[in-house]
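Generate coordinates for the entire structure from the input sequences, incorporating the hints supplied.
So the sequence lines, in the order shown, correspond to chains A and B.
To get the working numbering, take the position in the first sequence, counting from 1, and add 1072.
To get the working numbering, take the position in the second sequence, counting from 1, and add 1072.
Don't read these hints as lab results, they were simulated from the structure.
Some clues are possibly wrong.
Which copy is meant is left open, so a pair is good if it fits within one copy or across any two.
Unchecked claim - The list that follows gives simulated cross-link-like pairs (lysine to any residue, SDA-like), each with its CA atoms no further than 20 Å apart:
| id | residue 1 | residue 2 |
| --- | --- | --- |
| 1 | K1694 | E1483 |
| 2 | K1695 | E1371 |
| 3 | K1688 | N1137 |
| 4 | K1346 | G1500 |
| 5 | K1536 | R1618 |
| 6 | K1346 | L1512 |
| 7 | K1536 | R1687 |
| 8 | K1098 | K1173 |
| 9 | K1627 | E1534 |
| 10 | K1393 | N1646 |
| 11 | K1536 | S1692 |
| 12 | K1688 | A1540 |
| 13 | K1346 | E1511 |
| 14 | K1356 | A1325 |
| 15 | K1119 | R1268 |
| 16 | K1627 | Y1542 |
None of these values were measured; they are calculated from a predicted model.
There are 2 protein chains.
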Amino acid sequence: MPNQVIYIMGVSGSGKTSIGQLLAAKTGYAFYDADQFHPQSNINKMKAGLPLTDEDRWPWLVNINNFATEKIISTSIIIGCSALKQVYRDLLSKEIEQHCKWIFLKGNYETILGRMEKRADHYMPTSLLQSQFDILEVPTNAIEADIKLLPVQIVEYIISKLNVMQEFGIIGLGVMGKSLSRNLAGKGFSLSLYNRYVPVTEVKIAENFIATHTELSKAKGFEDLAQFVSSLQTPRKILIMLPAGNAVDDTIALLLPHLSVNDILIDAGNSYYKDTEKRTKQLKDAGILFLGIGVSGGEEGALKGPSIMAGGSKEGYDKVKNYLESIAAKDSNQNSCCANMGDNAAGHFVKMVHNGLEYAEMQLLAEVVSILRSTGSYNPGEIALLLKEQFATNLNSYLLEITIEILQKKEGEKWLIDLILDKAGNKGTGSWATIAACELGVPVPTLTAALFARYQSEFLTERKQAAAIYSIQQQSSSIDINTLFNAYGIARIVNHHQGFHLVEAASETNQWNIDLPELARIWTNGCIIRSQLMATLSNSLKNNKRILFQPEMVKEVATHSSALKNIVVFATENHIAAPCFTSAAHYLFSYTQEQSGANIIQAQRDYFGAHTYQRKDDASGKKYHTNWITE
Amino acid sequence: MPNQVIYIMGVSGSGKTSIGQLLAAKTGYAFYDADQFHPQSNINKMKAGLPLTDEDRWPWLVNINNFATEKIISTSIIIGCSALKQVYRDLLSKEIEQHCKWIFLKGNYETILGRMEKRADHYMPTSLLQSQFDILEVPTNAIEADIKLLPVQIVEYIISKLNVMQEFGIIGLGVMGKSLSRNLAGKGFSLSLYNRYVPVTEVKIAENFIATHTELSKAKGFEDLAQFVSSLQTPRKILIMLPAGNAVDDTIALLLPHLSVNDILIDAGNSYYKDTEKRTKQLKDAGILFLGIGVSGGEEGALKGPSIMAGGSKEGYDKVKNYLESIAAKDSNQNSCCANMGDNAAGHFVKMVHNGLEYAEMQLLAEVVSILRSTGSYNPGEIALLLKEQFATNLNSYLLEITIEILQKKEGEKWLIDLILDKAGNKGTGSWATIAACELGVPVPTLTAALFARYQSEFLTERKQAAAIYSIQQQSSSIDINTLFNAYGIARIVNHHQGFHLVEAASETNQWNIDLPELARIWTNGCIIRSQLMATLSNSLKNNKRILFQPEMVKEVATHSSALKNIVVFATENHIAAPCFTSAAHYLFSYTQEQSGANIIQAQRDYFGAHTYQRKDDASGKKYHTNWITE
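The following block contains the structure:
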């Protein structure tokens, strides 16, 4: 959208200056009073109570037109000017017609006379008012504002008619930022889009993006942060979608001087929750309402409906929830897969756990494929068909679906999956969940096994050398498909148990009061780990926070735990690396055993470090120490 | 040791003031010139060139004696005073004889005359010098210092004779601090020991500790940090042994104002390596040579010979290595199990990995015991006997030895181990190694399995509930003992492989240049993870940094990997939680497989996040993206 000259016109006393100044405050555009462009001769004449002739007015109007013409090269401006005759307005807009907006402050003689009699600081005598009404030619192309309304109402009306102020701002137009922008615009919101300017590589990103998507016709693009901020209605609503880390802090630092108290800032990137904690404090001190939200669903989800895990102040969330909830995916009851999980970093924490679960869900599928392929009986297409049979079961999930499509993909006669290098990348967020679990004292071996499997895959050269040295061959033997999928189901339950335990522990520690079934609900659609299991959990978590205690799950696990056992034995006997399956099985053994080996650990710790131990026959928790050395 | 008055005596011009001031700087005791205690009448007389009579001197000497008597209630002081006659000295030390030390600055007439002729600022005419020599009565109980030496040499000599300054200071007299103190004192070093004063709970800790151990007869105890610092020879050598965290920072903050450039500060606590990085920077800025050292061996090790993993500046280490190396354990070649691993936090990093390895070594033994007990064939004493048969093999280790003693311990008719609650504690350091591995991208599933096993054991109530719900019974079946121990051996190799990989990755990232065989060497004795395997590694690491690539290990693993496989199958089939064995087996499968399941992961990531992948048929590393959705 080009820069504009917003002329506020009307007879003297109609409120051009006060409305102009208020509009300036709301829009960030500068306000100018036309009177300041009068030649001295005109001012003298008015002071003497003499009416100006049109001959007097031409140089004045030319002055204003020149000024406006120069200004709009770089910015939009507001000019208060009576501009009573069309001929005056023609001169004011000469050669900049497309840039001019007319606001006509409309009021009758009595109303304005009443106001003028209260004013003493203006050099135009009230006796001239009638003459103004006499020459007024009501414009046909103006936005008419009734001056009987309150000034703030007038300005709101003008803004709505001008459509000059945007509702929602987005900073960062990478893949995710663009998708969210299109999603929001498609819901009818007017957006301001900002992308930094980097010579050659990032030039007119926002402008070009807007130009190529029809749903963005109302959006405005910026490369200047101050102009971007000025384009937004207050309190401003700004969403940042940038790579996690310094880019976010740098942008906040640049942004802060332009923001006002109660503006709402949303970090929708994949930020580390401890960074969000720091930023929440920093921005609270500055009076800004800060939200850290996790957005899951990848490029497509962001465009068509992601799962949105918000965190931050309730006040801030309430002011932006109509935007966030309208663009999120819908659950099976058509409720939005968007909710505020709790204060501060709660949103980014659960997003982190989401990604941890995602790692394990992906790895479990990779292990299913590895196990099936090890039998020598199935090619990728055939495995896809086996997976497809699980569509109708509670094993269905988004990741299952895409894995099927992946396995079916061919390149000429070859299966594409066989051409892909088995060296998995990671972006750090998977490790954050394990680190958080380590810090919170929650065992998450299955999430961690998936992380380490990725790390292990990166040492490709080393692995190939080791394979050559050891020649441990995977063995082929047949497998019962039902056993495999039953085991897969149990491993997934164990994985989710660990992930939700981690969320619950963090919620407890940080007093976030996270609603676990609500969390499962917003994960039932839009996000990468959406699944039939998650839909079940969104109900079953209402009655028990520990998944392995839920009757549905107990039944499932009790029925099929031997399947999990058998698959671990199968994988182990055939030298197939199945760290997620294995860790899930042994987690289950640990979790359901009455006696663990930890008494040995306690005795060892007491032996060499005098760390003491508790006794089974003393429920008081008293600490005992033994002098272990046999004399 | 009580406070002292150190009288520096000798004729005028012998250098009492300059030596006294230098001694004051070295000791931290205040210096006073006796002349300032003269009555005005004496000063007038000396200015007039008249010699003082003994009648003149008595009030002056009484003044000095009174001053000293009052001062030594709270501190030691130095007084420069000619004190030429024994009768003067008797008066000076009257009723404080036990507190007085006499330093006689000895020089002949010509030497001193030569010096006095160069001085103009003293009110005693040189003509009086001969009279001084005439009345000088050389003391019999003084430390004689030859004034022809350089002042610094004189002061060093005095300090060595006075034995007033201690060599080495220790802050923090907990279990480990006390043990290290006794160890150092037993090696002949003079120590200053500081423990904070806390009303009621920590009173005269150092003093009482010294009083109860004969080897500490030369040690001095303090509750005042300034006095503690003042008691040390410069550059000072101070070792802090406090709980990791804020206590260390607080103490450094209190200590810093009293330290001088080039003093050496050693943090011997179990500090987090990232804290050590911060402190190294902070103290480097203050000109202090800082070392972060890991000390392993528990209370007994600290007393009789720990393994010491130093880190920090070479300059700092060189100044304290005779202390550290003399108290450390000895390896089989009688070399000290103490070495500087590298700059900065290298010492604390390897100590952290030591503890991570320790967790897994302990857990593997706990799993061995769990597996043996599950058979129903062995009681703890019988298991101890089975373990004892491994003494002569390469499975021998300190942890094996203590586990045997633990299993043999009885309380009346009962095995003590059966009375110990199976709820294992942890002090955070075990989690640090996993966190570091997560951050560095190194897979350490076996270390992590041990950590999570401890975490899991803490949820005792939950576990008992789950056991009741699921009633998954461990099954009994017989086991081949040799298979179990062979598997145990392989699992330990895999564990060490992961730990040394982690050290190597950190060394690479931080440019610490850690000498891995040297690290294994200092771990062969004194520390908790000392073992026959470690002794082997101290050699084999010289040829290959990756343990699983070392010919000795390849042979061992190739011979016995099926044993590991069989034990994992046994544990799994019988529902015995064996997370460390299991993770070791599947790590080995992952590490030695040519094809992993990571191609599935890469395809999934590219599908939902456009993260791209590499191809097996393109060695350039080019990134590919596929539009996966089948049209």
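Note to self: When Cα atoms must be at most 20 Å apart, do K1346 and L1512 count as within-copy, between-copy, both, or neither?
What the structure shows: Answer is both: 13 Å inside a copy and 19 Å across each meet the 20 Å cutoff.
Notebook entry, point to check: How do K1393 and N1646 come out at 20 Å by Cα distance, when the copy is not named: within, between, both, or neither?
Noted result: Neither, since 52 Å and 52 Å both go past 20 Å.
Next item on the list: Please work out whether the CA atoms of K1694 and E1483 approach to 20 Å or closer within one copy, between two copies, in both situations, or in neither?
Entry: For K1694 and E1483, only the inter-copy Cα distance (18 Å) is at most 20 Å; the intra-copy one is 67 Å.
Note to self: With identical chains, the pair K1346 and G1500 could be close in the same copy or across copies; at 20 Å between alpha carbons, which is it: within, between, both, or neither?
What the structure shows: both (14 Å within a copy, 19 Å between copies)
Checklist line | Up to 20 Å CA-CA - N1137 versus K1688, copy category | finding: Classified as neither; 92 Å inside a copy, 67 Å across copies.
Check: Is it within a copy, between copies, both, or neither that the alpha carbon of K1119 lies no farther than 20 Å from that of R1268?
Finding: Classified as neither; 51 Å inside a copy, 83 Å across copies.
Note to self: For K1695 and E1371, with the copy left unspecified, which applies at a CA distance of at most 20 Å: within, between, both, or neither?
What the structure shows: between (55 Å within a copy, 18 Å between copies)
Item checked: Intra/inter-copy verdict for K1688 and A1540 if alpha-carbon distance must be at most 20 Å -> Classified as between; 18 Å across copies, 50 Å inside a copy.
Notebook entry, point to check: Between copies, within a copy, both or neither: which fits K1627 and E1534 at Cα up to 20 Å?
Noted result: Only across copies: K1627 and E1534 sit 18 Å apart there, 43 Å inside one copy, limit 20 Å.
Note to self: Reference check for the pair K1536 and R1687, CA-CA at most 20 Å: within, between, both, or neither?
What the structure shows: Intra 49 Å, inter 16 Å, cutoff 20 Å: inter-copy only.
Note to self: If the cut is 20 Å between Cα atoms, do K1536 and S1692 qualify within a copy, between copies, both or neither?
What the structure shows: between (55 Å within a copy, 18 Å between copies)
Next item on the list: First find the shortest C-alpha distance between K1356 and A1325 inside one copy, then the shortest across copies, and answer within, between, both or neither for a cut-off of 20 Å.
Entry: Classified as within: same-chain Cα gap 14 Å, cross-chain 31 Å, threshold 20 Å.
When held up to the earlier numbered hints, the structure conflicts with 3, 10 and 15 and fits the remainder.
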